[in-house]
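Assemble the whole structure, with the sequences as input and the hints as a guide.
Quick mapping for you: the protein sequence lines, in order, are chains A and B. Per the numbering used here, the first sequence starts with residue 1, numbered consecutively. Per the numbering used here, the second sequence starts with residue 453, numbered consecutively.
Derived from the structure by calculation, the hints contain no laboratory data. Hints may contain errors.
[Said to hold, decoys possible] Listed below are several chain A residues computed to face chain B (Cβ distance under 7 Å; list not exhaustive): (1) A106; (2) T179; (3) N258; (4) G275; (5) T419; (6) K420; (7) S431.
All C-beta atoms in this analysis are idealised placements derived from N, C-alpha and C, irrespective of residue type, glycine included.
Each chain, written out:
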Amino acid sequence: MKQSFDIGSVMTDRRGFLKGGAAALAATGGRAQAAAQLSVWTPGGSPSYCEVHTKIVNDFIAKAGGGDGTLQCGIGAATEFAQALLASIAGGNPPDVALLWDSPIALGSQGAFVPLDDYMAKSSVINAENWPGALLASCQFKGQTFGLPVAAGTFGMLYNQEMFEAKGIPSDRASFPKTWDELRKLSKEFTKWEDDRLAVAGFMPPREAESMPIWSALNGSQIYDGKNLRYTINSPENIAMFEYFLDWLNEEYKGDINAVDRSGQFRLIYPSADGLPPAFQEGRQAGLESGSWAQGDFYATEPAFQKWNVASYPVGPSGKQPVSGVWPNWFAVPKGSRDLAAAIGYLEYISQYGVVEWYRRNPDLPANLKAADVVPDIVVEKRGEEFAKDATDFFKAQRDIAIPMWDSPVQSFGQDQLTKAIEKIYLKSASVKDALDEAQSLSQAELEKTVK
Amino acid sequence: MMAEPTAVPSPAYAPARRSARAAEARAGFLFVTPWMVALLVFTMLPLIATFVLGFAQYRPGSTPTFVGLDNYEALFADPAFWKATKNTALFALCLVPLKLLLALGLALLLDAGGRSANIYRTIFYLPTLVPVVASSIIFMLLLTPNAGPVNVILQALGISAPDWLKDPRAAFWTLIIMSLWPLGIETLIFLSGLKEIPDEIQDAAKLDTDRPWERFFGITLPLITPMILFNLVIGIISSFQVFVQALVIGDTVGRPGESTLMIMILIYRSAFRYFNIGYAAAIASLLFVGVLVLTLLIFRTARSWVYYEGESR
Numbered sequence: 001m002k003q004s005f006d007i008g009s010v011m012t013d014r015r016g017f018l019k020g021g022a023a024a025l026a027a028t029g030g031r032a033q034a035a036a037q038l039s040v041w042t043p044g045g046s047p048s049y050c051e052v053h054t055k056i057v058n059d060f061i062a063k064a065g066g067g068d069g070t071l072q073c074g075i076g077a078a079t080e081f082a083q084a085l086l087a088s089i090a091g092g093n094p095p096d097v098a099l100l101w102d103s104p105i106a107l108g109s110q111g112a113f114v115p116l117d118d119y120m121a122k123s124s125v126i127n128a129e130n131w132p133g134a135l136l137a138s139c140q141f142k143g144q145t146f147g148l149p150v151a152a153g154t155f156g157m158l159y160n161q162e163m164f165e166a167k168g169i170p171s172d173r174a175s176f177p178k179t180w181d182e183l184r185k186l187s188k189e190f191t192k193w194e195d196d197r198l199a200v201a202g203f204m205p206p207r208e209a210e211s212m213p214i215w216s217a218l219n220g221s222q223i224y225d226g227k228n229l230r231y232t233i234n235s236p237e238n239i240a241m242f243e244y245f246l247d248w249l250n251e252e253y254k255g256d257i258n259a260v261d262r263s264g265q266f267r268l269i270y271p272s273a274d275g276l277p278p279a280f281q282e283g284r285q286a287g288l289e290s291g292s293w294a295q296g297d298f299y300a301t302e303p304a305f306q307k308w309n310v311a312s313y314p315v316g317p318s319g320k321q322p323v324s325g326v327w328p329n330w331f332a333v334p335k336g337s338r339d340l341a342a343a344i345g346y347l348e349y350i351s352q353y354g355v356v357e358w359y360r361r362n363p364d365l366p367a368n369l370k371a372a373d374v375v376p377d378i379v380v381e382k383r384g385e386e387f388a389k390d391a392t393d394f395f396k397a398q399r400d401i402a403i404p405m406w407d408s409p410v411q412s413f414g415q416d417q418l419t420k421a422i423e424k425i426y427l428k429s430a431s432v433k434d435a436l437d438e439a440q441s442l443s444q445a446e447l448e449k450t451v452k
Numbered sequence: 453m454m455a456e457p458t459a460v461p462s463p464a465y466a467p468a469r470r471s472a473r474a475a476e477a478r479a480g481f482l483f484v485t486p487w488m489v490a491l492l493v494f495t496m497l498p499l500i501a502t503f504v505l506g507f508a509q510y511r512p513g514s515t516p517t518f519v520g521l522d523n524y525e526a527l528f529a530d531p532a533f534w535k536a537t538k539n540t541a542l543f544a545l546c547l548v549p550l551k552l553l554l555a556l557g558l559a560l561l562l563d564a565g566g567r568s569a570n571i572y573r574t575i576f577y578l579p580t581l582v583p584v585v586a587s588s589i590i591f592m593l594l595l596t597p598n599a600g601p602v603n604v605i606l607q608a609l610g611i612s613a614p615d616w617l618k619d620p621r622a623a624f625w626t627l628i629i630m631s632l633w634p635l636g637i638e639t640l641i642f643l644s645g646l647k648e649i650p651d652e653i654q655d656a657a658k659l660d661t662d663r664p665w666e667r668f669f670g671i672t673l674p675l676i677t678p679m680i681l682f683n684l685v686i687g688i689i690s691s692f693q694v695f696v697q698a699l700v701i702g703d704t705v706g707r708p709g710e711s712t713l714m715i716m717i718l719i720y721r722s723a724f725r726y727f728n729i730g731y732a733a734a735i736a737s738l739l740f741v742g743v744l745v746l747t748l749l750i751f752r753t754a755r756s757w758v759y760y761e762g763e764s765r
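Right under this line is the structure:
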């Protein structure tokens, strides 16, 4: 039977896919090809993650009318993956498509990835207008696009409704604190120390470098100004922000971040590296920032409660409006890709179709506007269709207020400097100003060295 | 006394012997060729390339461009480089003597262990087979602040347990403790040296003194100095290359407080996280030269303290 499916801007049949897809044709200058030869690499490697990506590659090959599709999964996390990817690019044998957990700008701006602008312009799927601007900014440098933010988890405040209700606090999204002061006040309602052990926490002062651009924007500033190629880590608003967080730590958490960490994993919804289970799922933490991925990952550790919800970030003292952010999974085509047509075809396929299956099984939110609406299976199973749809709608709405992130050509360097500064601030081994000044000066110097 | 006459080959046999020698040399050369080729391709060329790239601005996807000493200038101005150098040197200074002492102690126990020594030797060697990543994670679980068995025991004994992985002062020593395990290879090398000491010498020493420590310092220790030299050199090289344990504890930022930031981490993150291959090559070149100089210095001083059998002093 001849099956038809919509790929790219034209309707095409299975056999004609690679020959007929507008973008694919453009990519190869009209080269006709009988079968796709596609190799895809992904970092990570949990069984469900590898399984869903294997299925997407296989589905693509089947719809392309056959060929050879291979998926290398489990190569390692971001840095180990980059190591393998760089070796393959240098060796002239890279994969056709690579999934990245770090922004493609750093490598793309050095010429390691194929600029996608020409192919995007000719495609009805991966065209620039089909991506939220803040998301695409994470792939662009000096007018060129080096990857696509195919699945982009958006951030939000995750909270335990059952803990709220037990204290008679309204637990609906609309009642969630709108300012940092309100959040801090609410947090104190929950926090309980048993001698030197933090038994229960409300909300923690933020300390993840990855999401710090969001907190900075909530306080009317930014960490990196992509338009002017300038870091602004030590802006007055950012200094005031960390002073505020430190004050929060002193007031509610005995000023001792190590005592907090000794008491449990209060940072994330994953077990800590030294084996402590996440306090949120234990029912020992009222809430924390997380993202759309939490819809699935929450259940990876058996939770002590079922009713969780998500709300927008509260606004800081110097901020004006709520904002959010994204943490994408980017796809890029390394220079030296053997089958550029198949690679571009795959980007179109995964952006529109593959990502839907992906979100259903691993809730990384589809970013392309052509992707169909769908909800994660696990949320439907645990909380019902209505709640699943409401949560997905919330995370999708965060895309519209997302700030540009991940857009520095020295992203990892800047992030490491910020991580170091945050650690110094919370361990009180440096003043807020000194720590941020150092991070600013090193990051700006590295940026200038790189872009000169 | 007359000297023994030297056998002089007859002229008739000389070409045949020369031909046999040439054939033997050819065969020998053929046998070592694969190894030499591998050495050239996988060791010498990368080494040379590293030195060359140290003088280049090279990021993946771009062509290397010569920048002279720019990378080295940036390196000497980089606070992270000095922090990592200080950490690594201190790490080597603490770890190597500790490792030598513990391995020697274990070897002495095994040497005196009688028939059960073989079992213990195997037990002590087995940890060497455990991947470093796995052993590092096991250590982290053992040292978890509240529920970790180490702190539970310490607290039960009334000892205030440190924050092994989160306190910058403690984390450095945690790294050293983790790197002390395993000791199998060093112990086996010492043990082989102890086994080589002839019984007659030990017996003669027993006639001279009945104090074991005098026999140890007078006879045993000098006779195993070649093994000490070997373990010392290998220990210094490997401690300057400490990587996996430091990465597992401190990630690429050397947390907590850069206390676990080592030179190899700096090289790794410069190359594969910041994608600055030229800069990473410059650090690697400096590390190579530093370790080489240190090794040569040790070999130079070794003439005065290492005893080789048959050597007269």
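Hints, verified against the model:
no. : hint : result
1   : A106 : holds (6 Å)
2   : T179 : violated (31 Å)
3   : N258 : holds (5 Å)
4   : G275 : holds (5 Å)
5   : T419 : holds (5 Å)
6   : K420 : holds (6 Å)
7   : S431 : violated (15 Å)
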